[in-house]
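Q: For the record, the sequence lines run as chains A and B.
Sequential numbering of the first sequence, starting at 1030, is according to our numbering.
Sequential numbering of the second sequence, starting at 19, is according to our numbering.
Hints listed in this document are in silico derivations from the structure and should not be mistaken for laboratory results.
Just to be clear, a hint being listed does not mean it is correct.
[Claimed, not checked] Derived pair list, reagent style DSS-like, types lysine-lysine, alpha-carbon separation capped at 25 Å:
1. A:LYS1307 / B:LYS262
2. A:LYS1210 / B:LYS262
3. A:LYS1307 / B:LYS201
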Amino acid sequence: MSDMLSAAFITVFIATVIAQAMPLLLAAVGETIGEQAGILNLGIEGVMLVGAYTAFVVTLTTGSFWLGMLGGAIGGVVANLAMLVLNVWLGLNQIVIGLAITLIGEGITSVLYLQNYTKSPASLGAQPKLPIPGLSDIPVIGPALFQQSGIFWICILLALGLAFALARTNWGLSTRSAGQKPSSLDAAGGSVMRTRSIAVLLSGGLVGLGGAYLALLTTATFSPFLTNGLGFIAIVITMLSRGRILVVMITSLIYGLAVAIGPALQVIGFTVPADIIKMLPFLIVIVMLIVFARSSVVPPALGTPYTRGAR
Amino acid sequence: MTTADLKTPVTPNLPGSNQAGAAQRFAQGFIRSVVPVLLALIVSGLVMLAIGASPLEFFAGVWKYGITGSNWQRSLSLMAPLLIVAVGLIVAFRGQLWNLGYNGQYLLGAVVASGLGPILFDVMPAFLATLVIFVVAVLTGAVWSLIPAILKARYGTNEIITSLVMSFIAVGVVNLLIKGVFKDPGTSTPQTAVIPDSDLLPYIPGTEIHIGFVIAIVLAVVAQYVFSRTSFGLRVDIFGASPKAARHVGLNSTWMVILLFALSSGLIAFAGSVDILGQFSYQRADWDPRYGDAVMPLVFLARFRPVAAIPFVAFYAVLATGGTLAAQQAGLNVDFLLVIVGLILLFMTITEYIGDRRRLGQSYLPPGLKRTVLQPFRRASERNSA
């Protein structure tokens, strides 16, 4: 009897870890691509919220989770357009613009949500599962890992594909050189502007996707300030992962573990105050920052707009 | 051409034109500070129209509830914490240290006042208790900033991230304190005991504005003096301009980072304790006014000058005091103020950019952008001709 209980418990635990880790993973992958190209986007908290809100609205009106995810990605790209025009093209201060995007994203999604949905708080319900034949019959791990929705698999494949592309393709090379030494990319005949523009838009799409995942699959609803600092955690994880997307994926899972421990402890019988559960991921992040402070490496050209010929 | 060249102001340096130059500079500074605010208000009005709220009603409400009657006194009371936060941010920003952990630092200072207040006012005279609270609040804020400061000084870890993460932790700690040791046993809602009116900061005679307002103004003036007229101010500016150069002239940059962070964070915590002792008299769990988010763009607009921040803070105090009620009337949520603040930030950078280009007589588009925009068309035409 107790064995069965613990098996079901572990299944739920693993599923929670994944649900908490995925939004962060997508956002951090997006931020990694931006940072590798030399753009420190402090606005991803706002971009995530815009993605989450658009995904929520699209799914609520069309009923399709897939369209919702697409809407979230588009919302993220649109929110990042400000970064593209003002920073990449005009070379204005990234810190100020990033914070402005965060503030506007937080404000506008909160206002719109409270204006349109506060009278009838809407929940989206569960997303149809896509069991993988064979693997999903494995006890404990099967139901947790191999009965996720199709969206989960697409997102994982996307992250893996980008990990490969960033490390092994020409596109990845020019993206990384735009962050390492933009003048050499320019000298080699590439366009720093275009490379960075593509990176910013791609990054916006992924961050928006992260927000959409959070709203549609993790919480199944939207509420003002839903992300609660997740965007900033994504930036930390990006810095600690030194631009390697596989490391980003592993670190995100550790974060998911940290978040899932709280509710799990409560199931076992420990009562943990909600405030400690909320604080835990940040505590872990600050400990990681202290322990690995030396190894948090960012591209040398991060944060500096590129002007040809400038020294 | 170097970036340094691009940024050097090209002002006429002829003898005799000094006065005209100063007036021109002032006018330019004024325009560059006021235009972004105006543009942000106009665009936020358009956004209101787009989401079906009435901008006229909103701005009329801001005027009505922020200024008329005795409402201006409420606005000035709100100025006290805002201005102290502004000075705190300026201290760090002057040294190019981006202390963004202000929300947590502010709440820590506030919880020191609301938690220790009810205990201390019982055992010692109000004046002494107030003093003790202020000192403890400043020290708490300063100590809380040590982790970001040391990480920055030793390993160059980005202080924006570390201070933000510490801020989220502080919010949790404050909530735990209010729900735990500092909880008022008399009520069921998690909040601290109410400090009696007689122990709060006194009003300025003849008004209902607590003396925190005076403290804030004095702080701003003193900070302005320190930054513009003392060797410490000069050292901070050198450090901000180039930590490397600062090391060359013998400044210890490790201590500079730690000192500036501690000062900044301590001042912001002080603002929290002033706000509790002057205005609120108790603190609820999960209460977070997020003053710093609003003050930050104003600090940029004031060009990191504490005295110049006073009018901007006054403007925002009216907007926030009136805006809370006005937003409800206009069918909006208070969070709309965040949108206005964000727009001010955006337009500030844009105004700055256009101003610099105009002064240098350059095209508004940077050369790289022109290439990128035109290149695809050029290729297409080449293909057509081939």
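Q: Taking 25 Å as the top limit, are the C-alpha atoms of LYS1307 of chain A and LYS201 of chain B close enough?
A: 20 Å, holds
Q: With a cut-off of 25 Å on the C-alpha distance, tell me whether LYS1210 of chain A and LYS262 of chain B pass.
A: 21 Å, holds
Q: Holds or violated: are the alpha carbons of LYS1307 of chain A and LYS262 of chain B at most 25 Å from each other?
A: Measuring from Cα to Cα gives roughly 39 Å; hence the hint is violated.
Hint violations for this structure: number 1 only, all remaining hints satisfied.
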